[in-house]
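Starting from two chains that each stand alone, build the complex the way the hints lay out.
Residue numbers (the working numbering), protein chains in the order written: chain A, 1 to 426; chain B, 1 to 331.
Don't read these hints as lab results, they were simulated from the structure. We treat Cβ as the ideally placed atom computed from N, Cα and C, and that holds for glycine.
27 Å max Cα-Cα, derived DSS-like pairs, lysine-lysine: (1) K259(B) / K201(B); (2) K53(B) / K9(B); (3) K213(A) / K40(B); (4) K115(B) / K30(B); (5) K187(B) / K201(B); (6) K117(B) / K30(B); (7) K344(A) / K265(A); (8) K201(B) / K9(B); (9) K213(A) / K117(B); (10) K53(B) / K40(B); (11) K115(B) / K213(A); (12) K213(A) / K30(B); (13) K221(B) / K187(B); (14) K9(B) / K187(B); (15) K213(A) / K53(B).
Going by beta-carbon spacing under 8 Å, a handful of chain A positions derived as facing chain B: (16) G181; (17) H203; (18) E236; (19) V243; (20) Y399; (21) A404; (22) L405.
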Amino acid sequence: MTVESTAPRKPRRSAGSKAGSTGAEATDATGTQRTTRTTAKKTTAKKATPAKRAAGAGKATGAAQTAGPELVQLLTPEGERVKNAEYDGYVADITPEELRGLYRDMVLTRRFDAEATSLQRQGELGLWASLLGQEAAQIGSGRATREDDYVFPTYREHGVAWCRGVDPTNLLGMFRGVNNGGWDPNGNNFHLYTIVIGSQTLHATGYAMGVAKDGADSAVIAYFGDGASSQGDVAESFTFSAVYNAPVVFFCQNNQWAISEPTEKQTRVPLYQRAQGYGFPGVRVDGNDVLACLAVTKWALERARNGEGPTLVEAYTYRMGAHTTSDDPTRYRGDEERQSWEAKDPILRLRRHLESSNHADEGFFAELEAESEALGRRVREAVRAMPDPDHFAIFENVYADGHALVDEERAQFAAYQASFADVEGV
Amino acid sequence: MAVETVTFKNMALAKAINESLRRALETDPKVVIMGEDVGKLGGVFRVTDGLQKDFGESRVIDTPLAESGIVGTAIGLALRGYRPVVEIQFDGFVFPAYDQIVTQLAKMHARSLGKVKLPVVVRIPYGGGIGAVEHHSESPEALFAHVAGLKIVSPSNASDAYWMMQQAIQSDDPVIFFEPKRRYWDKAEVSTEAIPGPLHKARVVREGTDLTLVAYGPMVKLCQEVADAAAEEGRSLEVLDLRSVSPLDFDSIQASVEKTRRLVVVHEAPVFFGSGAEIAARITERCFYHLEAPVLRVGGYHAPYPPARLEEEYLPGLDRVLDAVDRSLAY
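Looking at chain B on its own, in the form it has when it is part of the complex (with noise of 0.2 Å):
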């Protein structure tokens, strides 16, 4: 079925994923969306709104309230041939379906040798800085980039969740799709035209030669804004947008480390064996001699996530990266 193609000038990344899933539906009838309060409701951030109206009950499917239940018959019908689009209401909710997700859904590919594909998304709003109560903010990216035979993503602008959500759904493989939800409501341009490039790519979206910051996902924001406030003291900030935790594009941040020589990776998630963890090793692996300063790393730290006003302390923010970035330089 041809799509026609639009620009949305401004557009809420909400609305984009929402637009997103929109065209799966129309393109693929065996596209299926599944998960709590989808349906009428339109999803806790609308994000599914108006799709079970033009879609029906039997694409846009309310489910009862089991995550693993969700996930777990979302596997059933991937073998039936739907590919299967499951919303998990909040990061926090997660765990419930994270047995079927490990152990089936990221494995079955390779215990039947090949013979069964599983394409399932698994849409995981996550992160914090929106004031919500506990299990409501967490990041926990790490916990399933540990898996193999899962892709992460998370887009941080709504033209990446745009098309990031349309090569997640046409991906043969499980993909857990982590979705910034404190940029919600960010708006940007989004063309349906053309896919800006592969799923799995990172992207610079700000050239520097001091010091390259790598995030993913709500943090790219807060980067730019780093490297705006760093400019004007005179520092020359390059920042990545890695797009994909796993796989993860170690060439794009080595070809960036390389001509700065210093690295920061930034992320929501608690440091301790987060991403920036392998970023670091693996880097400092490939560009030992390039670097002139030790890997550094901002997120969360080793605690629960705290209560809502304490989260502005426990979440990065603009002085606390460029602190780091600031250390950084001092090597």
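If we strip away everything but chain A, and leave its shape as in the complex, we get (with noise of 0.2 Å):
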């Protein structure tokens, strides 16, 4: 379902909005008070009355965990696809090749994982942040993108990496320890994994505010967690790109867990009621479906590309493995849960669909795996492969113009390494 927004657009009717009549009425009271979607620019929150924006608020809130709120559903863990008349429109010319190329995405990617996985488990890698159970997630909203779009991760996007087209091993040189980063972030319009919680959501919002300026139709999306969601820079964001009416989304990924804190410990209210609070549309997506992740963003993007400004998507999905390989989720949750999120796989559900609407036969399947198979040896060699940096890279790029002092560490360190090879260097 959706919260409606505070800014003048276009009334929605959700057909998940059965959820709790208090959320109904919300969508109804504000909803009525706009008959127009406005594509017009700098068309900000500020239209709206605070009496309104208090009335939906209070309700939006009374709707809170309890109510249990739909999800934007196309494709059912049965792999059925049902309708919904407000994002079918989105991907109505999906084609079976296009729908087998979802699936290809999300395979590849779950194996690079599970690749990237072994390798730390193997010594080859210091540390990964494995995506399992996030594949729909992330193909969905990534395939979403335009070329021309801007992406600012976190350090779990591997598979919006993967649809931007950055090749996957470039993602492992931080977690060897080669670099800290080290892709071209304009190549790919991909911008650094970033690893300290929520900071990136503001780069995304100053980038768009320079889109705004800059007269273009690209949108900028902005990953993040529901662990983020506390950080204050993440609020900070909402606020900026509110009052700027800047052209980017948000798209967490509620994957439940927050290393060891359930989404109870951050929140009192579905994340995605958020976004009311700051006057622009919020809405939950069933993150394990790949279908309505590409549709929901599609829309949301199409929004910030109309001069509608921000939306936040909440994509509920889980994370069927570890925070990362350091850590241990036995000691904080059962298997029960993991179990029931099993049923609801991304991957499975969308080889249901594929396979009942026989858009996809055994070679197809079968040339995957062999694909899939191939990508993992690649990943694996080129790891291993991959060299440990020049000593001198740690003065490398610390300034853009050079700084005296970097200059004479870097002589003195040179000078203490040369003495070494007067001792060797016979």
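Below you can see the structure in the form of structure tokens.
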């Protein structure tokens, strides 16, 4: 379901608005105030009266956790395509080939992720943050972006990186410890992984402010998680993007766990409802439904392109694995929960759909299996061949225009290293 | 765009920064000014006075009251190709943005292996001596100088303020620009004709033979007064205006100390772990056989910045610096 923005926009009726009568009322109460969807730039939340905002917010809060807000869903866990009047239009033209493409993306991403986990276990990587279970959220949203859009990831967006054309082996440098990022963000409009939680949402907002200044119709998408939603930077990015009507989509993967802390430790309201208080729409989507994630993200990106400002998308999903390879989830959560989410697996449900619709045959799955194994091998070989950086890399790129102290310390380091050469150098 | 050359006979330091920002806005369409109250009001110190009126709200941006948001969005704008100059209203209010400055702004160039540049200037009016309330009189420069990836500068006079701001904006590295707020109204001649010298080079503002006083920002004027007073007692002090805290021009300090053989460092910031500590350590290393006395430091105490009625006791003043000069010369 959606929570209405206080910004002027086309009234929407969510198919999922059955979720709690108070929630539905909130939608109606604010929705009827606006009869036209505006595409004009510079429309901001300022036009809504404080009274209306307060009323809307109050009702939205009333619909909180207990009502169990429904998700935008286009594919059931059984792979059945369900209709959704609001979002069907965004995937109406999708071809069987594109559906197979989404499936391929998810399978290859999962395979890459599994290979990275193995590489960590074998000592080839220092750490790995697995995306297992979040493939649909990442592939669906990633495939919704256009080439000129810009992505600001956390450190777990391996599937989005894949969609942006970033070579997966590039993602592994920082986890192996040979660099702290290293790829060219402008090469694929995919910013460096950000480890400090939530910081990138402000970078995305500033970048989006720049896009608007340039008069471009690109959009920006910022990824973050349920834990990050508690960060002040995320709150500030909501404020800035709303005030400046910045073309940014906040894509929150609520994977239920911030390391050991469940979402209840982060929020008293469903996260998508946070948007209401800032004056832009929030939507909760089934994060394990690649089609729904694609459709909802396309809708949100389109809003951004049309000058309608920011959107919050909460992709409701589950971190099937540990937080990272250093984590031990058995200390804080039970198997039952994982099992219940396994039944909603994002890859399985699209496979069921492809099979029942006769969109893919055995040959397709077999070929993909072979491609997947080849990818695993390629990643493994690339990682094992990754050389340790030159010692002097410590001093490289500290500054763009140089710095006297860095030069001095580099020279001292060189002299120190050279002193060993004297001893050894016969 | 060609800029007309002018000489302002008597320009206040704050106005010199204003002129410099104006010139940057005129010559580079990518320059944007951001901060709290920088638009219509012209900033609480009027440093951005009239800029929004002349360049519009999309170039001179009044931001929400959130410092991390200001610096974080400035980073995003820089990634998009802009050159943001952001104002933090007062020294003590920079800390909500400290995370963005330290973990993001300072490191992103290196993390990208040099692929992205972060030409962001963070302006911070700093220091005491204006009788302000808590959090409005601090000198946090050492907290930034400790962070690789940042450059830290502080002008002491109007001419430097004008030119150092030009150079900071043109720098492809993030620059924290500490403005000596108690000197905002001090006037000097400012010529827009030619850059006086490199941004990170110290300048001898008074030559002397008996002892070197090193300072930057608001303390340069004090050190010149100290040198005047010492001259009456027949002592010849050299005064060095560092202008830049990171990088720090140790070569110029060394050259001066090899001549005078004595060094006193003066800053408003607390002495403990302050920039004076770094200067003392490195100059001791470089000039060990030249020094006739240990390097002495004069600065704030290891206590919270005191209420305004006590700040004259807390801040280095003429007598405290002279006392340090006497102690150094007594060795």
